[in-house]
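Take the position in the sequence shown, starting the count at 1, then add 57; the result is the number in this note's numbering.
These are computed hints drawn from the structure, not numbers from a lab.
Ideal Cβ positions, reconstructed from N, Cα and C, are used throughout, including at glycine.
DSS-like cross-link-like pairs, simulated, lysine-lysine; straight-line CA separation at most 25 Å:
#1 574 x 695
#2 695 x 655
#3 655 x 569
#4 235 x 178
#5 468 x 258
#6 178 x 527
#7 527 x 152
#8 514 x 91
#9 626 x 91
#10 581 x 695
#11 152 x 468
#12 620 x 647
#13 456 x 152
#14 456 x 376
#15 581 x 626
#16 574 x 620
#17 527 x 258
#18 412 x 460
#19 527 x 468
#20 626 x 655
#21 569 x 620
#22 569 x 581
#23 626 x 574
#24 468 x 178
#25 569 x 626
#26 91 x 569
#27 620 x 655
#28 647 x 91
Pairwise CB distance ranges (calculated):
#29 319 x 382: 17 to 23 Å
#30 506 x 456: 56 to 62 Å
#31 682 x 661: 49 to 55 Å
#32 627 x 527: 43 to 49 Å
#33 273 x 579: 56 to 62 Å
#34 453 x 296: 34 to 40 Å
#35 233 x 331: 19 to 25 Å
#36 126 x 470: 34 to 40 Å
#37 663 x 470: 58 to 64 Å
#38 382 x 409: 20 to 26 Å
#39 682 x 579: 26 to 32 Å
#40 331 x 470: 42 to 48 Å
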Amino acid sequence: MRISPSTILAAAVSLAVALPAVAQTPPAPAANSKNLLRNAGFETGFRLDNIWDGVDSLGFLAGNRADLPVLTTSGAIQDTPMPVSVSVADLNGDKLLDLGVMDVMGYFRVFFNSGTPTEPKFTVGELSTLFLSRTDTAHPSMASLVFNSGVEWQRRRFVQRARWGQRINLADLTRNGKSDLVLGNYHGEIMLIPNSGTPLKPDFRQPADIGQAIIPTSKDPSSKWGSLLSPVVWDWNNDGRGDLLVGEGSYSANSIHLLSNQGSGARPVFNEDQRNVIAYGMGLEQLTPTVVDYNGDGRQDLLVTERSGKVAIYLNTDKPWKPGETIPFHSFVRLGTAPASAVAPGTVDPMDAAKAPGLLSLGGIATISAADLNGDGLFDLIFGKTNGKVALSLNSGTKTEPKFATPVEIKGDAGTPAFMPPSGWDYDFGLARGNFYGFFSIVTAENDPEALPTEGKAALKAGYSPSPNKFLPVPNQYNKGLQNFKIENAMTYMEAFEGAPSNTYILTQQVKMQPGKPYTFTMKYKGARVISAVVRFGIRGDIIFNTRVTRGDRGAVQRDEDKVHFSDKELVSFSPGPQWQELRRDITLKAADARAQKVLEQDTLPEGSWFGTYVSVIFDLTPGQGVLYLDDFVLVPKE
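Please model the complete structure; the sequences and the hints are all you need to start from.
Pasting the structure below:
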């Protein structure tokens, strides 16, 4: 799987100040017609919702979207949109149910309910300090994921992606009177983040060692029995201790497992000695369970979302559960009244039942939680969707015959103005590295009085959005990055910077510079609380000098190449202040290898050869406070 930060953003995120009036206008002509850089004055951009506060520009509750590779019904593994995960609990002691939402990338938001018991109201989402996608390669459970490639950032990238796709449940697992956060992830880990706050002000803190947050579910820490695990806490065997019911993703046997708690209330213990299949998926995949008395008979049943977005019903029997017994599939949730007695339990094939008309469906992989959000004594259904939004299906039936409405996406406040990243540039503001509230956006003097562009109507701004947090601590924990990460050693591709600190920003563009020829570069800049900043000019490529093809036995072909990989770079540091300044530098890029440079000076390259040149601006901002403005980039051949 390959997900670049720009791909993620284009698909999902949204970040900035009010939209520039020039957003949809064509690019203005460059002041210098020989300028090699596109959109060099940052006059054009594209619209992306600012969802740092959990609300998109139309006012819907929203989280970041992303894909993960899963096994599809065709038998192929392909990138598939993943839903946000939802859970419901009263987190601030006002007897109103709040929404906890974890997005695919690992940002956890709480939407505190500011309404009434009968009319819930969710305005904005408060970000917690959690970012469990951070890499902890020292922990034994991650050892099997580390590529033996000698390239640290590649290992980091793989492990970080494995911790995406988190599914959450808010429950008092540790019996301390507060809702803890229990979550599963793509890699098959289950984690416990204790609520370190109070019943009135929750606090889900980033653990110093992510490995210590993992709940062992097998005696061998490196052993994984499932993927994309979706846990829900419930005392299933009525022994006073919270057990784990866990749904699986599509890599495994597609079942709901019960892990019975072998420890105490304060110190839960789980392993394979007390792990039982409690419900079979029977062909259903991407299972996320929730526990509820569906038909009002006093016994707890299971509602389970699956790959296509339908909700499977597993009705409990009238016998006390015993290890080895399973709950039979009954049917799928329908829109409108669906009597529980309509079909005899255990006699329906889910594949046949899925063809019935009038089924409730989210149209894709979904997560589920159940709670009475409107105070009528009936449980409602809350869903996380692959479009990053949260949907509510109200129950207007009875306790024995629930009746669910078509799921409606929940709205928060009026919405936050969108960001406007620049067209023609690749960028990374640390979204995949836990850089809370970071952004790139085109701004004008009208919507940002501090901008005062040096040319045209707009400039580019990098910085941080304000936090709306009132109950949760404002995130101030930032990943320091790999100890051996150095900008001068990083590759040009955006993924190379995933080993960088969270607060590292990158803006880059590929350009056509002729190796060996001189160019003049200028740009304007200003800022505050900029820790370090450089402009990086680079070239890299491969030159193939000779290719020899030999044939072996039975027509086998062997290709031998005399290939030289080359690269070169030049770094220019700059120190922003409160006033616009100009950076000017003459640049000549050459291949370090003399033979390669000689070939690059020719009109054509040997077959299979390639090279690329680029200009990048790389800088670190003081977390939560730093800001940098950029404008009027010019790169021209030197006269």
